[in-house]
Amino acid sequence: MFPPPLHEKEEHAELREQARRFAREHILASAHAWDEAGEFPRELYGQAAAAGLLGIGYPEELGGTGGDVSHAFAVADELTLEGKSVGTVVGLGSHGIALPPIVFHGTDEQKHRFVPPVLRGEQIAALAITEPGCGSDVAAITTRAVRDGDDYIVNGSKTFITSGCRADLVTTAVRTGGEGHGGISLLVIETDTPGFSVSNKLKKTGWWASDTAELSFDDCRVPAANLIGEENAGFIPIMTNFAGERLMLAGGCVSIAQLAYRESVAYARERRAFGKSLTGFQVIRHKLADMASRIAAAGALVSELTTRHLRGEMVSGLAAMTKNTATDMVTFVADQAVQIHGGYGYMRETVVERLYRDARLYPIGGGTREIMNEIICKTEGY
Amino acid sequence: MKILVALKRVADPDNANKVKIPADGSTIDTAGLEFKPNPFDEYALETALRLTEDGTKPKVRDGEVIVVTFGPADTESTLRAALATGADRAIRVDANDDQLDGLLVAKGLKTLVAEEKPDIVLMGKQAVDGDTNQVGQALAELLDWPMATFAATIEEQEDGLVVGREVDGGVLELSIKYPAVVTVDLRIVSPSSVYSTKTDRSFKYNEGVRFSPLPAIMQARRKPLDTKSLADLVDDTGLKINYLRFEAPPARLAGVKVADAAELVDKLKNEAKVL
Numbered sequence: 007m008f009p010p011p012l013h014e015k016e017e018h019a020e021l022r023e024q025a026r027r028f029a030r031e032h033i034l035a036s037a038h039a040w041d042e043a044g045e046f047p048r049e050l051y052g053q054a055a056a057a058g059l060l061g062i063g064y065p066e067e068l069g070g071t072g073g074d075v076s077h078a079f080a081v082a083d084e085l086t087l088e089g090k091s092v093g094t095v096v097g098l099g100s101h102g103i104a105l106p107p108i109v110f111h112g113t114d115e116q117k118h119r120f121v122p123p124v125l126r127g128e129q130i131a132a133l134a135i136t137e138p139g140c141g142s143d144v145a146a147i148t149t150r151a152v153r154d155g156d157d158y159i160v161n162g163s164k165t166f167i168t169s170g171c172r173a174d175l176v177t178t179a180v181r182t183g184g185e186g187h188g189g190i191s192l193l194v195i196e197t198d199t200p201g202f203s204v205s206n207k208l209k210k211t212g213w214w215a216s217d218t219a220e221l222s223f224d225d226c227r228v229p230a231a232n233l234i235g236e237e238n239a240g241f242i243p244i245m246t247n248f249a250g251e252r253l254m255l256a257g258g259c260v261s262i263a264q265l266a267y268r269e270s271v272a273y274a275r276e277r278r279a280f281g282k283s284l285t286g287f288q289v290i291r292h293k294l295a296d297m298a299s300r301i302a303a304a305g306a307l308v309s310e311l312t313t314r315h316l317r318g319e320m321v322s323g324l325a326a327m328t329k330n331t332a333t334d335m336v337t338f339v340a341d342q343a344v345q346i347h348g349g350y351g352y353m354r355e356t357v358v359e360r361l362y363r364d365a366r367l368y369p370i371g372g373g374t375r376e377i378m379n380e381i382i383c384k385t386e387g388y
Numbered sequence: 016m017k018i019l020v021a022l023k024r025v026a027d028p029d030n031a032n033k034v035k036i037p038a039d040g041s042t043i044d045t046a047g048l049e050f051k052p053n054p055f056d057e058y059a060l061e062t063a064l065r066l067t068e069d070g071t072k073p074k075v076r077d078g079e080v081i082v083v084t085f086g087p088a089d090t091e092s093t094l095r096a097a098l099a100t101g102a103d104r105a106i107r108v109d110a111n112d113d114q115l116d117g118l119l120v121a122k123g124l125k126t127l128v129a130e131e132k133p134d135i136v137l138m139g140k141q142a143v144d145g146d147t148n149q150v151g152q153a154l155a156e157l158l159d160w161p162m163a164t165f166a167a168t169i170e171e172q173e174d175g176l177v178v179g180r181e182v183d184g185g186v187l188e189l190s191i192k193y194p195a196v197v198t199v200d201l202r203i204v205s206p207s208s209v210y211s212t213k214t215d216r217s218f219k220y221n222e223g224v225r226f227s228p229l230p231a232i233m234q235a236r237r238k239p240l241d242t243k244s245l246a247d248l249v250d251d252t253g254l255k256i257n258y259l260r261f262e263a264p265p266a267r268l269a270g271v272k273v274a275d276a277a278e279l280v281d282k283l284k285n286e287a288k289v290l
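Chain order of the listed sequences is R and Y. For the numbering used here, add 6 to where a residue sits in the first sequence, where the first one is 1. For the numbering used here, add 15 to where a residue sits in the second sequence, where the first one is 1.
In case anyone wonders, no lab produced these hints; they're calculated from the structure. For each residue, glycine too, the CB sits at the ideal point set by N, CA and C. There may be inaccurate statements among the hints.
[As the list claims (entries may be wrong)] Selected chain R positions facing chain Y (in silico; Cβ < 7 Å):
1) Pro-11
2) Glu-20
3) Ala-57
4) Ile-62
5) Leu-68
6) Thr-199
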């Protein structure tokens, strides 16, 4: 067992208790079933909102419950550890990347129109940047929004959109100007707009309980009042949004790895071979010790990143380093967890089998391992 | 409406296997144990909150809810959590568990009741550590107040409460006048178990105890929490109950497989002697 991160205070401990209880009462029993079903019930958003867990990190005047990313991470951590469904947690949290651009760059009218219904759990919000032909190279997106009177006409498509199948509003990166990063804007597209469609519900390696969509925009008429910030100034908000997302993803790696480790310790204690429990074998004990050490190291780095981020320091380099450290760690830990579980680790109803698949996303999503290294090169100046 | 809720902190019942007893059986070793509020006392607090609100406006307290615990300084986190749930203020009576028994706690509560003058004292039917089930009854006797134990439902009236108690073969309804002592059972936190006069009978609560959102957790740190010593409340702090020896229950033996129903009946009758 690991102590709570060093930056956490008494209120984090109480919040963790609330999240633990919510996960036990509302997620744990269905973790496997929701993964197999490819989604969790929509009511869960409302239940999480009622428990005060959806609005963390958002101001109270927008229906949030205050707090910052450290509180959001404490909640996500406990939901993962006690609910054991990574897909459910990331699906429930998809507004965590969709809403910040609105909160930080939107007008008061936009904030009050878009944010409170999501934080009440009545609407689902998603972020759409990636396109079928363009992922890491955000400046190359081709989904086009052409101004027509008080509207934009949007054409194009987006893919790998978390919660996209059920989203009510999608914070979408569109090209409103010329080529490159200077021609990109952020537009909130409501999914009941004619011309919007979910072209595909994607089948993934992991994160099954969270739906992932390919979206199509076909002459989709979106009010210009939904433009977030200035026209053609969307690139910076997109990039700053990534810092918070990377922190949460790195933290997610630590949560997944801790869960895989807990499951492995419990299994190794219980499972017997050659007349003793697996923990009686030094080779297994050392595997567990290596897992624990790497989790502790990545966890410490996530805590440092959180602390510096909250102090207002520029952390894009550190965030990239933390994400790579955490994703390498979870790749190792999830693999070792499956190995310790043997044949059971390869079976679908085993928790670590699911975690092994869930973990594969992290070196890819929210900026690949390779892009992280490019960011580090840039901030290090070589 | 003013309600005093007595809360006890207990060793986490989900980790009961961590409870250790030294070889001489003189005590229970509490080192390394995680503590939780006694679940029945949490239900009592939820009941108090339901009785002092309109269910549709749970942030507005109509009346006052005071939580009290008897325990060392680290039980203040239990009280803070109760304040985060919605209680208005808290009192900690400084004492260790081994300095307390049910009657002493009841006597301490009696003095607090004289000071606070609540309309109702609410608590769990028992604490899940010692399971002595004494404090509520002893307090009612000391105060000479009406009492309802094991409440499964409560409906507020103008001058008292209608309390439903689940008994063998049905539900017993008691009508009691204020002031009163009520201890609650687990079904008190069902969606339709408790109604204040402000809450419409069509309203359904969420099952269980309410969650505390972050703003309430932060506010709870600023709510008043008084500390009193046991000697301030009770003249004679001597124990009436002394524990002589503790021992762990025997480890469960492995089961046996039976071939058929006849063998099962035979074993139940002649070995287990339960038939």
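Taking the hints in turn, this is what the structure says about them:
1. Pro-11: With a closest approach of 17 Å, the Pro-11/R hint is violated.
2. Glu-20: 5 Å, holds
3. Ala-57: 4 Å, holds
4. Ile-62: 6 Å, holds
5. Leu-68: 13 Å, violated
6. Thr-199: 33 Å, violated
Comparing the model with each earlier hint shows violations of hints 1, 5, 6; every other hint is respected.
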